[in-house]
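Colleague: Chain by chain, the residues:
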Amino acid sequence: MRFYEFESRRIVERAGIPVTKYGFCKTADEARRSATEIGGPTVIKSQVLTGGRMKAGGVKFADTPDQAAEYADEILQLEIAGHLPVGVLVDPKAEVEQEYYAAVLWDGRAKRPMLLFSDMGGIDIEAVAEEHPDHVGRAHISNLHPIFDFEAKQAVARCGMTGSELGRASRILAALAHLQRDYDMTLAEINPVARLTDGSFVALDAHMEMEDEAVGRHRKFLESIGVDLAEPREMYQPSEFERNVKAIDAADHRGVIQGKDHGFHGNLGLVIGAGGGSLTLTDAVRSQGGKPANYAEIGGNPSVAKSCGLAKQVLQKEGVDKIAVMMSIVSNTRVDIVARGVIKACLELGKDPGETIAIFRIPGAWEDEGYKILDHYGVEYCDRSVSMWEAAGRAVAKVQGGAA
Amino acid sequence: MSVLLHPDFTFIVQGITGREAVNLTRECLDYGSKIVAGVTPGRKGREVHGVPVFDTVEQAVAHHGGPIDGAVATVPPAFTKDAVIEAIENEIKLIVVVTERIPRRDVAQMVELANERGARIIGPNCLGLITPGVAKMGGIGGPAKDAAKAYKPGVVGVMSRSGGMTTEISSSLTAAGLGVSTAISIGGDAIIGSTYAELIGLFEADPQTEAIVIYTEPGGRMEAELVDWRAANNPRLPIVAFMAGKFMDDEEMQGMSFGHAGTIVEGAEDSAAQKITRLEAAGIPVVERIDQIPARVKEAIGR
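Read top to bottom, the protein sequences are chains A and B. The numbering of the first sequence is my numbering, which starts it at 1 and goes up by one. The numbering of the second sequence is my numbering, which starts it at 1001 and goes up by one.
No lab work stands behind these hints: they were computed from the structure. No residue lacks a Cβ here, since even glycine has one placed at the ideal position from N, Cα and C. Treat the hints with care, as some may be off.
Said to hold, decoys possible - When the alpha-carbon atoms are kept at most 25 Å apart in a straight line, the in silico BS3-like pairs for lysine-lysine are as follows:
| # | chain 1 | residue 1 | chain 2 | residue 2 |
| --- | --- | --- | --- | --- |
| 1 | A | K372 | B | K1145 |
| 2 | B | K1149 | A | K372 |
| 3 | B | K1093 | B | K1044 |
| 4 | A | K260 | A | K344 |
Claimed, not checked - Per the computed footprint, the stretches of chain B lying under chain A, defined by three or more beta-carbons under 8 Å from a beta-carbon of chain A, are:
| # | segment |
| --- | --- |
| 5 | 1008–1018 |
| 6 | 1160–1167 |
| 7 | 1180–1194 |
| 8 | 1216–1226 |
| 9 | 1246–1259 |
| 10 | 1285–1297 |
Work out the full structure, taking the sequences as your base and the hints as a guide.
Modeller: Encoded structure:
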């Protein structure tokens, strides 16, 4: 789960990490008040979940509260990559002496959280790690033992810091490590941590991501920082196809269907499964010159209604008049049930299954029963002796033959 | 000798009274696996396909009258960590975690404890493992007769991030007359108990295995780890790899997750293209087509 900048700010503040005075505002008036309270020049930042705010004009520097209000008004109406902001963040233009980088993230290889600290903050950490490896301190922490203060100190010291700054920076990194553990963050990053002219350390910009699987156990916490759990937080607006497939899936607990069409612009509809099978088949279609209209996953033995619903959604996509129904060998999902579902979809849309289903390649449980039904409707099918690659190739050939 | 399983391998099923677990128990028993007990808290005294059910792992071990080799955990995500730790603390050494959608920290905790106790976790989000003709542990391959059809004893070890593709690939190896020594569905999550590099030593030590096939996807750093392992260990087994999800390298797909929870491109190193380059540079061929695997294996072992 991704967070808006103002939510991330609230999260680090809760964890005891110092931040500058800030305001989350939904109107120009609120922004004026906030800028007045902060005093001095401010930065007005659009609150959207997409990147590229600066480029799009979603970040502006104001000298006076009136100017802050004026910019807030503009930014609140500015769409960035199709998203209107949920508000603006009003920040003081901080008097920064030096910028640092602090993060805690999962190291999948070590299977432990990794603490990261650098005295070269404010810029892309991967570039720093590449060009100035001695300026990046790392330390892994145990999943089972308590987090000890020295572990954060060690990471900070490893990038060459000492003196009173070592202690101040370490406290921030240790608090970040606790935050990452306590709230199941897949990423807890502060970039930059700033040392202000008065010597104090503050988090200027934080970026938090909570693991989706863990959101349920942090419901109370999320509500307490004002997160609306019903609000969608995808990287892009779900399409009508995606919303419909989701609704069909939710309406029935048997089996799982998923459909995505973000980034797919082709004419061959895919009714495919399961996880790995779908990835393999999508590649096989594309590598043989086919253009998928969508991505899909069928699994866990869905009902006839579910398979039918997915196939119908795919067939109703613009430019799609053929679907390929393919899976790797199934042991749980029943071949005959998927066959009935996709045939039903064709019939209900007034299409001939034999013409519409370019290929049916699902071997495995109840395949003989499935093949009988497919025979009856004149649908071309194949068993496991025809590879996933070959089946995908046949479907591509049919679509291209039809278009020529 | 074989990889992990053997004819006398005993295991329990945790969460045995759940719908999926009941099926899995039937399938494993039919295949000849020795399931000695099941555990579901509060259901002591019941039976599932003749397997006695207990409230705790401790009771299951007492009933068995000696150490139990393995456990298949198929309990809801919120309770999986506790179940797996219960198994580890009752001296069980091989735990297959079927459950998906377990928070990463829970997985990391149980894996760290398993390492401390000398136990091994396979999964989560996996279908388990099978040594054809010997035993299967988990839903891999489905009902016994289907598993027997796809998996014939043979010379190729299979490790796969996708449960379904484990069977698809094994079936093609069976059809090609190569057969399978042991196939392991290692799980599709970002953190798993046993990676390729953490399992390959077992295949290297198994005289029946002559080659390895791995199925992989974008996301994670597991291939780099495998390459490093090989560089440090003078391996005898050739590996043939297949990479699914190449379409995810497209600009528009960045940051999107497909197929499995761990399958998401978060940095350049996770991409399919980079992984293929890395594997091939290490002498591990990555076949373009899924159906080229058997022929490429035959070439590698000179058949």
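Colleague: Could you run down the list of hints and mark each one as holding or not?
Modeller: Hints, one by one, checked against the model:
no.	hint	verdict
1	K372(A) x K1145(B)	holds (21 Å)
2	K1149(B) x K372(A)	holds (21 Å)
3	K1093(B) x K1044(B)	holds (23 Å)
4	K260(A) x K344(A)	holds (22 Å)
5	1008–1018	violated (count 0)
6	1160–1167	holds (count 7)
7	1180–1194	holds (count 3)
8	1216–1226	holds (count 6)
9	1246–1259	holds (count 10)
10	1285–1297	holds (count 4)
Violated hint: 5 only; the structure is consistent with all others.
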